[in-house]
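Heads up: the sequence lines are chains A and B, in that order.
The first sequence runs contiguously to residue 303 in our numbering.
The second sequence runs contiguously to residue 1261 in our numbering.
Everything labelled a hint here was simulated from the structure, so no lab data went into it.
Some hints here could point you the wrong way.
Now the in silico label distances, taken between C-beta atoms and shown as ranges [said to hold, decoys possible]: (1) A:Thr193 <-> B:Thr1167: 36 to 42 Å; (2) A:Glu196 <-> B:Val1120: 42 to 48 Å; (3) B:Asp1154 <-> A:Gln224: 41 to 47 Å; (4) B:Ser1034 <-> A:Val24: 16 to 22 Å.
Owing to the predicted nature of the structure, the values given are computational and were not obtained by experimental measurement.
Backbone N, C-alpha and C fix where the C-beta goes; we use that ideal spot for every residue, glycine too.
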Amino acid sequence: MNKFRLTRWLISLPPTLFLLIFFVVPSLIMIVTSFRYPGEYGGLAPLTAPETPEAAATQGDSGLYGLTLEAYRFFFSDILYAEIFLKSFVVAAASTLICLIMAYPVAMLIAQSAKKYRNLMILLVVLPFASNFLIRIYAWMIILGPESAFSHLINSILQLFGFEPVMLLFSPFAVLVGTVYVHLPFMILPLYTNLEKHDPVLLDAAQDLGANRWQRFWLVTWPQSLPGVYSGAALVFIPVLGMFAIPDILGGTGDILIGNLIKDQFLGTRDWPFGSTLSIMLMLAVLGVTGLFTLLARPRTPK
Amino acid sequence: MKRTHLLLWLTASLVYIFLYIPLIIVVVYSFNDSRLNAEWVGFTLDWYYKLFHNQEMLLAARNSLFIAVSASLLATILGTMAGLAIHRYRIRVLPFLAFAPIAMPEILLGVSLLLFFLQVMNLTLGLISIIIAHTTFCVGFVAIIVRARLQGMDDSIFEAARDLGATPWQTFRLITLPLIMPAIAAGALMSFTLSIDDFVITFFTKGIGEPILPIQIYTMIKISVTPEINAISTLFMLLTLVLIIIANRLDSGILQGEKKS
């Protein structure tokens, strides 16, 4: 029994300690940082007043010490930040919806295919997802670039109808295309896992009862697939809410989302407390969304 | 039924085309004898030649390889332990600790680790901080794979070993370890791929010293789009393709192991 307990500790302790130190402690540090004052030259102001004038000279003395709600006050004082959060939610919702519409036929086709082809079809979905994230975004820079065949095609069609030519790259459209492209497998896989489990007998029964194709889909397949839809939606929505690389590369100067705002606080303007505040707001948003999806995905007990 | 199938086939095929066209374009243009990614001029290997003479790029590749090997090694050991601990000892906090870093947007882990390294550890950001950061999110993936493997096994094998007088260590070394080996290998491979691929967390924990492959690619994309990026992208894709084929081999190994036991 003693030996059993020893192995238990030997196996459990290293990963627990590692994750406590490198995941929990940093998260707590981030929370504390959001309540501090920014330093004069980036970073943070000291927690206590410098004891000697020399120390004040080397550390920089802004006269602000201790903890403060300043960063939060700043966040709520400017409507701009609420707008950026709202915009991120809109982009995340739009990407999730487009992913769902594109993923459903693929997941359905795979689930209906013969068993021996399914693994190959899944592999074909995952394969592009395995190539580097930046490369997948970069590919769209080529396709949507002003000199590309695709851009020429779109613009000649627009001209045909008397519209001004448009710049596809560095636009919200490009951001949406890149986002959908990168996150599509996250929607296809959970949907497929769900659709694969459906009992085809239900569809036959619906047909026998006179349901047409659309009725069979909307009344039988779709309601059954909702848990898969919700988990896929969560897997797309949450990472999109915090992304910064896709708007950074494919978006224009106006296409700033929460992620870009956070990145700027750490690598641009260097306002750590405000960056931490934004991160915590993002974390709260993620928790809220996760809670909502869990609630939606909960199996309904018939009354 | 026939017509639905046709419509389904058509839309699904379009999505598959959407998935592959961008990557095919990158590969094709990497052999194009033109500075512009616009039209096909002629075949060349110039961009690959340039790439292999780009010292900064080679150093970045070496650094990334070093980071990926170290992080995946660390994550495999810790993740296997975590998977075992979660499955067998039902440690309450461990699932949260292991899976939360994966569930959050990456930028949050990046930011909190950046603040932690600079404020608490007083660490100069570089290879070490990146290795730790990558390990933090890879542990969860290894733990998930190992736990799934353990869940699929019959616990009576371990009881039998104990009844036959094996010590816990013997049971682990002779029974558990060989049985979960395919899962450990798959987890290691997955960690390697995730680490060498990671951009967001690397971006926050990299510091300013050493060149790292994804950061190098990012900088190139931001400055100017040259076919050299196509060449490195193609090579990168080739690497992941090989890794996936190996992982697939291991996966069929997992299936065979199930048949045997």
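Okay, the hints, checked on the actual structure:
| no. | hint | verdict |
| --- | --- | --- |
| 1 | A:Thr193 <-> B:Thr1167: 36 to 42 Å | 40 Å, holds |
| 2 | A:Glu196 <-> B:Val1120: 42 to 48 Å | 47 Å, holds |
| 3 | B:Asp1154 <-> A:Gln224: 41 to 47 Å | 32 Å, violated |
| 4 | B:Ser1034 <-> A:Val24: 16 to 22 Å | 52 Å, violated |
When the structure is compared with the earlier hints, violations turn up for hints 3, 4 and for no others.
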